[in-house]
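K.L.:
Residue-level listing of the chains:
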Amino acid sequence: MLEVDGIDVFYGDAQVLWDVGFEVRPGELFVLVGANGAGKSTALKAISSLIRPARGRIQFEGEALHALEPHQVVERGVVHVPEGRRLFPEMTVEENLLLGAMTRRAKAKRRSSLEWVYELFPRLQARRRQPAGTLSGGEQQMAAVGRGLMGQPRLLMVDEPSLGLAPILVGEIFSIVRRVHEEGVTTLMIEQNVQQSLAVCDRACVLENGRIVLHGSGQQLLHNDQVRAAYLGL
Amino acid sequence: MNVLQRILPPRLRPIALFAILSLLPAAVRSPYFLHLMILVLLWVAIGAGWNILAGYAGQVSFGAAAFFGAGAYASGLLAVKAGMSPWWGLAVGPAVAVLLAFPFGALTFPLRGAYFALATLALGEIMRHVATIWESLTEGMVGILILRTFASESPYYYMALALAAASVGCVEWIVRSRLGFYLVSIREDQDAAASIGIPTTRYKMIALSLHALLTGMAGALYMCYMGYIDPKVAFSLHDISIMAILVTIVGGVGTAYGPVLGAFVMVFLQEAFRTGGFGALDAVNKALEWRVLDWAIPYIKQAHVLAFGVLVVIVILAMPNGLLGGWARHKGRKRQAAVCSE
Ligand SMILES: Nc1ncnc2c1ncn2[C@@H]1O[C@H](COP(=O)(O)OP(=O)(O)OP(=O)(O)O)[C@@H](O)[C@H]1O
Ligand SMILES: [Mg+2]
Numbered sequence: 000m001l002e003v004d005g006i007d008v009f010y011g012d013a014q015v016l017w018d019v020g021f022e023v024r025p026g027e028l029f030v031l032v033g034a035n036g037a038g039k040s041t042a043l044k045a046i047s048s049l050i051r052p053a054r055g056r057i058q059f060e061g062e063a064l065h066a067l068e069p070h071q072v073v074e075r076g077v078v079h080v081p082e083g084r085r086l087f088p089e090m091t092v093e094e095n096l097l098l099g100a101m102t103r104r105a106k107a108k109r110r111s112s113l114e115w116v117y118e119l120f121p122r123l124q125a126r127r128r129q130p131a132g133t134l135s136g137g138e139q140q141m142a143a144v145g146r147g148l149m150g151q152p153r154l155l156m157v158d159e160p161s162l163g164l165a166p167i168l169v170g171e172i173f174s175i176v177r178r179v180h181e182e183g184v185t186t187l188m189i190e191q192n193v194q195q196s197l198a199v200c201d202r203a204c205v206l207e208n209g210r211i212v213l214h215g216s217g218q219q220l221l222h223n224d225q226v227r228a229a230y231l232g233l
Numbered sequence: 000m001n002v003l004q005r006i007l008p009p010r011l012r013p014i015a016l017f018a019i020l021s022l023l024p025a026a027v028r029s030p031y032f033l034h035l036m037i038l039v040l041l042w043v044a045i046g047a048g049w050n051i052l053a054g055y056a057g058q059v060s061f062g063a064a065a066f067f068g069a070g071a072y073a074s075g076l077l078a079v080k081a082g083m084s085p086w087w088g089l090a091v092g093p094a095v096a097v098l099l100a101f102p103f104g105a106l107t108f109p110l111r112g113a114y115f116a117l118a119t120l121a122l123g124e125i126m127r128h129v130a131t132i133w134e135s136l137t138e139g140m141v142g143i144l145i146l147r148t149f150a151s152e153s154p155y156y157y158m159a160l161a162l163a164a165a166s167v168g169c170v171e172w173i174v175r176s177r178l179g180f181y182l183v184s185i186r187e188d189q190d191a192a193a194s195i196g197i198p199t200t201r202y203k204m205i206a207l208s209l210h211a212l213l214t215g216m217a218g219a220l221y222m223c224y225m226g227y228i229d230p231k232v233a234f235s236l237h238d239i240s241i242m243a244i245l246v247t248i249v250g251g252v253g254t255a256y257g258p259v260l261g262a263f264v265m266v267f268l269q270e271a272f273r274t275g276g277f278g279a280l281d282a283v284n285k286a287l288e289w290r291v292l293d294w295a296i297p298y299i300k301q302a303h304v305l306a307f308g309v310l311v312v313i314v315i316l317a318m319p320n321g322l323l324g325g326w327a328r329h330k331g332r333k334r335q336a337a338v339c340s341e
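For the protein sequence lines, the chains are A and S, in the order given.
Here the first sequence is numbered in numbering that gives the first Met the number 0, starting from 0 and rising by one per residue.
Here the second sequence is numbered in numbering that gives the first Met the number 0, starting from 0 and rising by one per residue.
Think of the hints as simulated: they come from the structure by calculation, not from any bench.
Distance ranges between label pairs, derived from CB positions:
| id | chain 1 | residue 1 | chain 2 | residue 2 | range |
| --- | --- | --- | --- | --- | --- |
| 1 | A | D18 | S | W172 | 47 to 53 Å |
| 2 | A | R210 | S | P102 | 37 to 43 Å |
| 3 | S | L22 | A | R127 | 41 to 47 Å |
| 4 | A | D4 | S | P102 | 32 to 38 Å |
| 5 | S | Y114 | A | G83 | 19 to 25 Å |
| 6 | S | P9 | A | Q129 | 22 to 28 Å |
| 7 | A | R210 | S | H128 | 49 to 55 Å |
| 8 | A | R104 | S | L305 | 54 to 60 Å |
| 9 | S | L22 | A | Q71 | 50 to 56 Å |
| 10 | A | S111 | S | L7 | 39 to 45 Å |
| 11 | S | H34 | A | E68 | 47 to 53 Å |
| 12 | S | L268 | A | G136 | 41 to 47 Å |
| 13 | A | F9 | S | A113 | 21 to 27 Å |
Sample of chain S residues lacking proximity to chain A, with all beta carbon distances greater than 12 Å (derived):
| id | residue |
| --- | --- |
| 14 | P102 |
| 15 | L110 |
| 16 | I313 |
All C-beta atoms, glycine included, are put in the ideal place defined by N, C-alpha and C.
My request is simple: use the sequences and hints to build the entire structure.
P.N.:
Right under this line is the structure:
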């Protein structure tokens, strides 16, 4: 469904990604793990055309994404929930959600999407008229994922949903991502929380210093000695 | 407050304001007062345009003078060089300003925050220098002088009123439409806006074009009304670009009626200083045998820029959302309806 093939990405002169490639298959929950600064967010930004790779190809259902503008990528159904939630703090929760339905396809289904999101996140419905900036961290993450879902994604990309959350909420967020995925949304998640994210995913790959060093099923990686030593401290 | 609510519900207030302003020339015959009101109305339009770009879309412009001057010169040059009526400037002026805005936006929208603001500052200054140096076209510092079409102020007053009302109406419409939400989303978080699929460059360009259009039209009308411009007047950094910012900040950034209030306050404040309290200072001085104010009055009369600075500091500290309050006031069902409507 999504093929990232040998991309090199630079910020100015500084190269951040080297020959990064992976594939997300239809219907799966794919996780990209790695330490701080490995280049995970950069890889997502390249997929959504927020930055352009210097080399390599990114294809979604056979179409080259790297030639498109960010809003055109969203029109293809590739929706990015950015790192750190990035809600519009002065708008209400519901306004934030509705703004997630930007494309024609998403606009047409706006009402039913909103119901779906409120069903997934009842806490958002209770706070729908509240400015998004006043939500708790966990609620903001729900709103951010909800805003992504409003775009009727065919591929949902979530950047570190566990960022800054208490351990108990991390579990909750992962089960939400899992539930969204079970509703049939192909999902690409970025995580630092290696143990828990590998446990919920179908397949994963490990990014280290801008290079893919491992890939395989979640279970394979959980039992991989290298992963256990480097990320799980075992 | 409650009494006011009952006599004049908020929905009717703009209409009441417009009605009062329409009747003003009939009620007040003083040309001097009408002159000040024309300036107020021009500033309403310029402030509204600045508000769209900076207040809603979050792209601060120090370049209103570039578009004001472009509109004014377009109108003046049509009259002087092409022998046409300067009134054509009302169409050509804003068009020239928007044509200037397009390449400028394309070049500078990758810049963020202060860097974009600096680029707009540079644009205004570049335009001023070009207008000064390109004497074969602009007559340089000599300036452009045309004859006013009407001797009385009131036709100009009504045109300025129409422009101001259209500008405020435009902002009102934007606030209620999807466009307003897209602009605010860019202001609040441009990257997030891009990542949910808002074509941010397109909407920033729309906001810049409206800034250029309204400011350019005000410039063209200014030319027709005042009959004289030179590069220092038309491309003035502090009297146009900074004033556009002050009008909006004092009245209320991101509110439809903030620039209206701001324009009144700023124009009358400026005039009060220039004339020494509309002559009151001189009268007091004359009444007092001991001419204590003799030396102070010339300084006071030139102190409006200082007073503006103090006023802005006070407003920002005490009322960060300006005299009329901020975007927060537009909360409620009306806004909800806007996002939901097509
Ligand atoms: N806009 C930028 N300009 C320059 N360098 C950047 C920029 N954004 C990120 N970098 C650098 O690129 C590298 C990878 O950053 P990236 O944000 O992709 O890491 P990450 O894997 O998402 O890390 P984290 O888990 O901390 O979010 C880092 O060294 C970072 O300093
Ligand atoms: Mg990151």
